[in-house]
Amino acid sequence: MEEKIKEKFNQVAKRVANEFGVVIHLAEINGKRWSYIGGDDIPEELAFDTHCLKISDSIGTIVYGWSNLDKKREKDLLSYCQQELIDL
Amino acid sequence: MKNQKLDIKKWTYDRIKKEEINRYLQPGGKDFIEDGLILKKLKEAKPDSGLVKDILAKSLAIKTLSLEETAILLKVEDNDLLSLMAETAFKIKKKVYDNRIVTFAPLYLGNFCVNDCLYCGFKNSNKNSKRKVLSKYEIESDIKVLAGQIGHKRLIVVYGEHPFNDVDYIEDSIKTIYSVKEKTKNGFGQIRRVNVNAPPFEIADLRRLHQVGIGTYQVFQETYHHDTYRKLHPQDTIKGDYSWRLYCMHRAYQAGIDDVGIGALFGLYDWKFEVMGLVAHAHELENKFGIGPHTISFPRLEPADNSPYAQNSKYQVSDDDFKKLITVIRLAVPYTGLIITARETAKMRRKSLQLGVTQTDASSRIGIGGYSQATQTQSSNRQQFLLGDTRSLDEVIREFSEKGFITSFCTAGYRCGRTGKCIMDLLRSGEEGKFCKLNAILTFREWLDDFASTQTKQISQKVIEQEIEQVRERMPNIFQKFIAAYNKIKAGQRDIYF
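Residue numbers (my numbering), protein chains in the order written: chain A, 124 to 211; chain B, 9 to 506.
Rather than coming from a laboratory, the hints here were simulated on the basis of the structure.
Yeah, the Cβ is synthetic: ideal placement off N, Cα and C, and Gly gets one too.
Heads up, simulated EDC-like pairs for lysine to aspartate or glutamate below, C-alpha to C-alpha not over 16 Å straight-line: (1) 429/B x 163/A; (2) 429/B x 125/A; (3) 442/B x 168/A; (4) 155/A x 180/B; (5) 489/B x 477/B; (6) 442/B x 167/A.
If you anchor each label on the Cβ, the simulated ranges turn out as follows: (7) 198/A x 411/B: 48 to 56 Å; (8) 180/A x 381/B: 34 to 42 Å; (9) 141/A x 328/B: 55 to 63 Å; (10) 177/A x 15/B: 39 to 47 Å; (11) 199/A x 483/B: 25 to 33 Å; (12) 59/B x 177/A: 51 to 59 Å.
Here are some chain A residues the structure puts well away from chain B; computed CB gaps all over 12 Å: (13) 127; (14) 134; (15) 143; (16) 201; (17) 205; (18) 207; (19) 209.
Model the full assembly from the supplied sequences, consistent with the hints where possible.
Below you can see the structure in the form of structure tokens.
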């Protein structure tokens with residue numbers, strides 16, 4: 124991952140962790156494949172609670188701790204990620 | 009015909025992009041396989057018992073071995089030490105992959121080839137070979153059998169190097185494979201992961217393979233020994249360029265493909281040298297990209313139509329040496345998946361599971377269009393080689409279950425971002441094994457309910473129950489969520505994964 128993108132994503136991931144209590148990984152989407160691009164280690168307590176959140180046709184985030192969010196927070200997270208990550 | 013030949017010549021001429029080799033070469037224009045150094049290390053290695061035990065401890069900590077350490081293991085002759093190596097290899101397999109075996113099917117889509125490898129039945133000069141490339145309709149027919157009748161979820165699709173099998177064809181064929189949905193008892197049978205064994209491509213073409221959503225990109229170097237490579241692959245063919253092939257995984261990573269499979273064809277040159285070559289290749293990928301090979305394959309040379317070299321090679325690998333090389337590869341690159349195919353006999357495949365193999369095929373047909381055709385006999389002029397094990401998936405799985413292995417049809421990781429560096433870290437730490445354990449049970453349940461014979465289902469039930477009990481004991485925090493998913497699968501829902 125390019126340093127610039129990495130830096131930007133890390134900032135977003137940090138804010139998401141603080142505001143939503145979930146960990147996100149960045150992925151590139153190609154067909155069925157979601158290829159890991161970046162993100163920190165997955166905390167064990169969140170590891171099996173995942174959701175693939177599509178940001179655009181080509182990128183998405185893997186959200187660890189998804190069930191911690193209610194419907195509104197799910198929407199808020201998607202909006203926030205789209206706003207911050209769609210241009211990566 | 010003449011025009012077609014000219015076109016093929018032009019096509020061949022344009023394939024190799026020298027700048028996509030040179031950028032990776034070491035100073036002085038050398039590649040990373042140093043034959044002299046490998047031979048020296050093999051010559052100087054002394055398998056002292058204490059040293060061997062230290063090396064085994066390093067393997068058990070899931071650390072890649074150095075070339076020196078690998079050479080020492082390759083030189084071990086003492087029976088007690090060999091037994092200890094085999095035991096440790098199996099312990100590593102259990103630690104990283106537990107008792108799971110991933111199954112897949114090979115699918116050959118074409119046997120046209122512009123190359124002329126001395127040992128291969130598909131070589132261009134073999135006029136005895138019946139050539140064919142599958143149409144979209146024929147691919148669909150094969151997939152309907154594979155996914156709808158046999159129950160495979162994962163393929164390795166094999167392409168020859170030829171304009172008929174160019175990147176446009178590969179791209180279209182993968183889209184076709186992913187699109188087929190065949191009605192089964194509960195929902196649909198579908199191929200969920202397409203791994204690709206294809207020629208080395210340039211970066212732009214590799215990017216297209218990445219974009220179509222392939223699983224693993226697999227290219228075997230065949231032999232890492234430069235002189236042997238030159239002798240077996242005529243220099244006026246694409247495959248004659250050692251470096252173009254050697255650096256294709258570098259180009260793949262650059263194109264975004266982060267799951268790659270390497271391999272060597274054992275029997276072309278000294279097997280110990282080839283193991284060292286594979287380990288050197290793994291080091292190079294780890295050092296340059298931080299991601300080692302997702303899988304390593306080690307096929308043995310088999311008789312092939314009109315290819316005397318395959319019958320007469322002085323480097324044929326004995327069964328004992330073959331077992332040893334599997335053991336050493338497991339120890340040297342402990343995180344990687346190891347693949348054994350139906351080239352080998354059932355007996356050898358059985359033994360290999362105890363040495364650390366993690367993936368295998370079954371119900372395999374390697375003739376072009378072999379799955380949808382009624383005939384089940386092998387035909388040497390339509391296949392690259394002859395298979396040693398033609399048992400059905402049901403039979404193979406029944407045997408795995410009898411021996412306490414669970415068959416996994418899991419394809420979850422690459423669909424939820426556990427790829428590349430992420431999966432490498434998870435494999436080394438043992439964390440990926442937890443995901444795999446849950447997904448193995450869920451996918452095995454699916455397969456048993458949709459495709460298994462009554463006998464196989466009965467025998468496998470015990471394995472499923474044991475696995476569920478282990479999840480309850482080892483992962484109490486996730487158990488309720490897991491069992492809810494399991495019950496949904498039992499009730500007929502499909503493709504639920506962690």
